[in-house]
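Can you make the complete structure from the sequences, with help from the hints?
These protein sequence lines are chains A and B, in that order.
Under this note's numbering, residue 136 is the last one in the first sequence; the count climbs by one each step, no gaps.
Under this note's numbering, residue 252 is the last one in the second sequence; the count climbs by one each step, no gaps.
These are calculated hints, taken from the structure and not from any lab test.
Heads up, the beta-carbon is just placed ideally off N, CA and C, and yes, glycines get one too.
One or more hints might be untrue.
As the list claims (entries may be wrong) - Simulated coverage check for chain B against chain A, where a stretch passes if three residues somewhere in it have a Cβ under 8 Å from a Cβ of chain A:
id, segment
1, 211-225
2, 230-243
Said to hold, decoys possible - Computed spacing ranges between beta-carbons, pair by pair:
id, chain 1, residue 1, chain 2, residue 2, range
3, A, R28, B, N49, 18 to 26 Å
4, A, V129, B, N49, 22 to 30 Å
5, A, A45, B, D187, 41 to 49 Å
6, B, D147, A, D87, 42 to 50 Å
7, B, Y240, A, V92, 35 to 43 Å
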Amino acid sequence: MKSIKLVPALLSFVALVSTTVYAHHSTRGIYHDDQIKEVTGVVKAWRFINPHPYLTIDVEEDGEIREYDVSFGGAAVVHLQRRGYTDATFSVGETIIVAGHPARAAGVYGLLIEGQVGDPKREDGSPVVQAGGSMF
Amino acid sequence: MRVSFSKLSLLAACSLAWCGTGAYAATDNIPDLDGVWTFGNCGGGGAFNIRCMVLEENDELLTDRAIAYRDAIDEIAQPKYDCAPMPIPHMYTDPYSYKIEQLDDRVLIYYGKDDVVRTIWLEGHGHRTPKMNEFFYFGYASGRYEDGALVVTTDRFTFDPQGLNADFRIPSSTQKQVTERFSKDGDTLVLEVSTIDTFFLKEPWTFRVTSQPDSRAWEGSWECDLEASRQILKLMPPMYPNDPAVKRVDYR
Numbered sequence: 001m002k003s004i005k006l007v008p009a010l011l012s013f014v015a016l017v018s019t020t021v022y023a024h025h026s027t028r029g030i031y032h033d034d035q036i037k038e039v040t041g042v043v044k045a046w047r048f049i050n051p052h053p054y055l056t057i058d059v060e061e062d063g064e065i066r067e068y069d070v071s072f073g074g075a076a077v078v079h080l081q082r083r084g085y086t087d088a089t090f091s092v093g094e095t096i097i098v099a100g101h102p103a104r105a106a107g108v109y110g111l112l113i114e115g116q117v118g119d120p121k122r123e124d125g126s127p128v129v130q131a132g133g134s135m136f
Numbered sequence: 001m002r003v004s005f006s007k008l009s010l011l012a013a014c015s016l017a018w019c020g021t022g023a024y025a026a027t028d029n030i031p032d033l034d035g036v037w038t039f040g041n042c043g044g045g046g047a048f049n050i051r052c053m054v055l056e057e058n059d060e061l062l063t064d065r066a067i068a069y070r071d072a073i074d075e076i077a078q079p080k081y082d083c084a085p086m087p088i089p090h091m092y093t094d095p096y097s098y099k100i101e102q103l104d105d106r107v108l109i110y111y112g113k114d115d116v117v118r119t120i121w122l123e124g125h126g127h128r129t130p131k132m133n134e135f136f137y138f139g140y141a142s143g144r145y146e147d148g149a150l151v152v153t154t155d156r157f158t159f160d161p162q163g164l165n166a167d168f169r170i171p172s173s174t175q176k177q178v179t180e181r182f183s184k185d186g187d188t189l190v191l192e193v194s195t196i197d198t199f200f201l202k203e204p205w206t207f208r209v210t211s212q213p214d215s216r217a218w219e220g221s222w223e224c225d226l227e228a229s230r231q232i233l234k235l236m237p238p239m240y241p242n243d244p245a246v247k248r249v250d251y252r
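Set out below in structure tokens:
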């Protein structure tokens with residue numbers, strides 16, 4: 001658990017999850033669409049399940065451990081499978097690096113992996129999935 | 001251009017008539033719609049173009065009543081956070097394939113999300129129609145073959161707080177009526193949809209999309225997880241903070 005970076009959205013990150021999924025579990029207004037934040041954290045839970053798989057990680061931030069909900073937006077199991085994700089992609093206790101749009105609300109922590117944000121990475125910087133094809 | 005359409009769960013459908021099956025006979029008047037189809041594309045280039053199907057947040061078709069409802073209801077009150085399926089025609093904006101099965105007296109439409117199965121009761125087969133007090137989440141759908149197309153009319157919907165758009169909190173009323181026309185253009189499936197709901201729409205909302213045969217394996221089971229459906233609610237501040245906290249029912 002360590003670093004947290006705020007990265008200007010127009011820099012970095014290749015569009016690996018390239019097409020914004022049209023999400024009925026609306027993400028409108030929940031995340032800062034103009035910011036990308038990168039954190040390093042420890043996997044607490046990975047639920048590869050419909051309607052939307054999600055990841056929970058513990059991140060050390062400002063001297064405390066904060067639980068971040070990591071969302072893949074409107075993507076469902078079938079969409080992430082096409083990118084190479086499985087229910088074994090993340091293991092509880094492993095350290096990963098995640099970038100995403102940070103949640104807006106005070107006192108809660110979340111990241112949205114969507115649009116120009118790339119897939120999470122292992123601690124050594126390698127991607128958790130090999131670049132797959134379109135989610136659709 | 002836009003249009004719209006409808007669905008009925010198999011369970012609800014079976015309550016209205018027997019659930020037997022039979023083969024259908026393709027003729028010049030009956031298009032071959034059987035198979036799995038990609039989600040609809042509005043055209044104009046690219047494999048992902050769904051904008052024509054989206055009723056926008058400030059769409060000029062919306063009545064003042066619709067806008068007032070949109071502004072008053074909060075996001076957390078949407079049934080989608082309880083695993084409720086998308087209504088029709090909004091369902092078509094979800095990027096999932098769908099499967100059509102043509103039988104002699106009905107047509108089944110399976111959507112690749114939410115375990116949706118709609119039954120289209122073909123006219124002329126003596127199917128029971130709903131009683132005056134029967135309403136359905138996906139409405140009651142009847143259909144006929146006409147000029148080489150399957151024409152489906154769906155009404156008798158329950159009031160649905162996400163009935164016209166689940167992202168912008170646009171509801172639909174019991175007056176929603178959805179007409180869908182399925183036809184073929186070569187190997188392409190053409191779907192034209194028109195929706196009326198005079199409570200919430202000033203004029204019919206229409207769209208036209210095309211689909212291609214989808215050779216990928218059909219994902220038959222969705223199995224929505226209640227906890228996953230509600231996960232994002234943690235990140236939403238309450239719109240009505242002075243109200244008692246909402247306690248959602250655990251259906252499991």
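Tested hints:
1. 211-225: With 5 residues in contact (Cβ-Cβ under 8 Å with chain A), the coverage given for the segment 211-225 of chain B holds.
2. 230-243: holds (count 6)
3. R28(A) / N49(B): 18 to 26 Å: With a Cβ separation near 20 Å, R28(A) and N49(B) satisfy 18 to 26 Å, so the hint holds.
4. V129(A) / N49(B): 22 to 30 Å: Holds - the Cβ-Cβ distance for V129(A) and N49(B), about 26 Å, lies within 22 to 30 Å.
5. A45(A) / D187(B): 41 to 49 Å: For A45(A) and D187(B) the Cβ distance comes to about 44 Å; the hint holds.
6. D147(B) / D87(A): 42 to 50 Å: 48 Å, holds
7. Y240(B) / V92(A): 35 to 43 Å: 37 Å, holds
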